[in-house]
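Student: These are the residues of each chain, in order.
Protein chains: 2
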Amino acid sequence: MKKLPAALVTLAAVVTASSVFAQAKPEEAAIKYRQAAFTVMAKHFGSLGAMANGKAPFDAKVAAADADVLAAVHGLPFTAFGPGTDKGANTKAKPQVWQKTADFNNDADKMRAEMPKLIAAARSGNFDQLKAAFDPTAKTCKSCHDSFKEK
Amino acid sequence: MKKLPAALVTLAAVVTASSVFAQAKPEEAAIKYRQAAFTVMAKHFGSLGAMANGKAPFDAKVAAADADVLAAVHGLPFTAFGPGTDKGANTKAKPQVWQKTADFNNDADKMRAEMPKLIAAARSGNFDQLKAAFDPTAKTCKSCHDSFKEK
Numbered sequence: 005m006k007k008l009p010a011a012l013v014t015l016a017a018v019v020t021a022s023s024v025f026a027q028a029k030p031e032e033a034a035i036k037y038r039q040a041a042f043t044v045m046a047k048h049f050g051s052l053g054a055m056a057n058g059k060a061p062f063d064a065k066v067a068a069a070d071a072d073v074l075a076a077v078h079g080l081p082f083t084a085f086g087p088g089t090d091k092g093a094n095t096k097a098k099p100q101v102w103q104k105t106a107d108f109n110n111d112a113d114k115m116r117a118e119m120p121k122l123i124a125a126a127r128s129g130n131f132d133q134l135k136a137a138f139d140p141t142a143k144t145c146k147s148c149h150d151s152f153k154e155k
Numbered sequence: 005m006k007k008l009p010a011a012l013v014t015l016a017a018v019v020t021a022s023s024v025f026a027q028a029k030p031e032e033a034a035i036k037y038r039q040a041a042f043t044v045m046a047k048h049f050g051s052l053g054a055m056a057n058g059k060a061p062f063d064a065k066v067a068a069a070d071a072d073v074l075a076a077v078h079g080l081p082f083t084a085f086g087p088g089t090d091k092g093a094n095t096k097a098k099p100q101v102w103q104k105t106a107d108f109n110n111d112a113d114k115m116r117a118e119m120p121k122l123i124a125a126a127r128s129g130n131f132d133q134l135k136a137a138f139d140p141t142a143k144t145c146k147s148c149h150d151s152f153k154e155k
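Line order of the protein sequences matches chains A and B.
Residues 5 to 155 in this note's numbering are what the first sequence lists, from first letter to last.
Residues 5 to 155 in this note's numbering are what the second sequence lists, from first letter to last.
Please note that the accuracy of each hint is not assured.
One copy or two, either will do: identical chains are not told apart, so a pair holds if it fits within one copy or between any two.
[To be verified] Keeping only pairs whose Cα atoms sit at most 30 Å apart, straight-line, the calculated DSBU-like set for lysine-lysine is:
no., residue 1, residue 2
1, K59, K29
2, K155, K135
3, K91, K59
4, K29, K135
5, K29, K65
6, K59, K104
7, K65, K114
8, K104, K146
9, K155, K29
10, K29, K143
11, K155, K96
12, K155, K121
13, K96, K153
14, K104, K29
15, K98, K155
16, K91, K155
17, K29, K98
In short, the hints are calculated from the structure, not lab data.
In isolation and in its complexed conformation, chain A is listed as follows (with noise of 0.2 Å):
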């Protein structure tokens, strides 16, 4: 029997070692890759939040960490909402997603045009910024999760 190259026996290995590839259907791998993107970006902007709200204390290199992370995550989920993905992993999108997917995209687009200014803000070192920026971003957070996502 001819022997794989190594390279593609660790992918292999490295692939199905991981969980959301061990998925049989992508569609459950999206709705997964989704909410974990989803969980990332919340970690991050609760910290702003607590921050920006005094319950915790303000630290400047922990604002640029969370900016760091957000300014990588924040636009991941929405390659994930694809055909097929509106039912399973326990989703908690609503079918108006699919359905009003202009008011969707457009709820989304809406928190993509804040964020930028709360990573800004959030790498200034500034505590003020923070304060400023972090509730018209959170805005656009509640409102979509108003309209698309089951409580």
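For chain A, the structure is supplied; the task is to place chain B on it using the hints.
Tutor: Showing chain B alone in chain A's frame:
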């Protein structure tokens, strides 16, 4: 009744709507967070691997975008293996993570030493660089999974 500041009300609504923070136990939230970070990481690592191994066409833009996500998330899971996070939320982490912490951290360090090389290669726009850098990084994933992750 005194009204709460609007920013706090909005934050509370967003935080409540985010499942990771709706968890009663912070340990459960930590497990979900590290799983989420690994899921995002696996997706973009897998994307690079598919290109490196000829299962997907090489696309320099996609590779660079994958690299940006990996740069932001590859260190995140290791912030969430604290005490009390060894059980719950269907964790696949073996008890050895907490029994042989030095070895676990050493394995994580090996990945963190290789990943920047893969990220640089993926940003280079050069397929041969990506191909060369993928396998050494994948080996660090596999090695740690073999020792510290249930199948």
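Student: All hints, please: hold or fail.
Tutor: Hint check:
1. K59 / K29: For K59 and K29, the Cα distance is within 30 Å only across copies (18 Å; inside one copy 41 Å).
2. K155 / K135: Within one copy only: 27 Å inside a chain, 44 Å across chains, cut-off 30 Å.
3. K91 / K59: between (36 Å within a copy, 28 Å between copies)
4. K29 / K135: between (42 Å within a copy, 27 Å between copies)
5. K29 / K65: between (40 Å within a copy, 26 Å between copies)
6. K59 / K104: Answer is neither: 37 Å inside a copy and 35 Å across each miss the 30 Å cutoff.
7. K65 / K114: both (27 Å within a copy, 25 Å between copies)
8. K104 / K146: within (17 Å within a copy, 42 Å between copies)
9. K155 / K29: both (26 Å within a copy, 19 Å between copies)
10. K29 / K143: between (34 Å within a copy, 26 Å between copies)
11. K155 / K96: So K155 and K96 pass the 30 Å test inside a copy (8 Å) and across (28 Å) alike.
12. K155 / K121: Within one copy only: 28 Å inside a chain, 42 Å across chains, cut-off 30 Å.
13. K96 / K153: both (6 Å within a copy, 28 Å between copies)
14. K104 / K29: The answer is within: 25 Å in one copy meets 30 Å, while 35 Å across copies does not.
15. K98 / K155: within (10 Å within a copy, 33 Å between copies)
16. K91 / K155: Both: 16 Å inside a copy, 26 Å across copies.
17. K29 / K98: Close inside one copy (20 Å) and across copies (27 Å); limit 30 Å.
When held up to the earlier numbered hints, the structure conflicts with hint 6 and nothing else.
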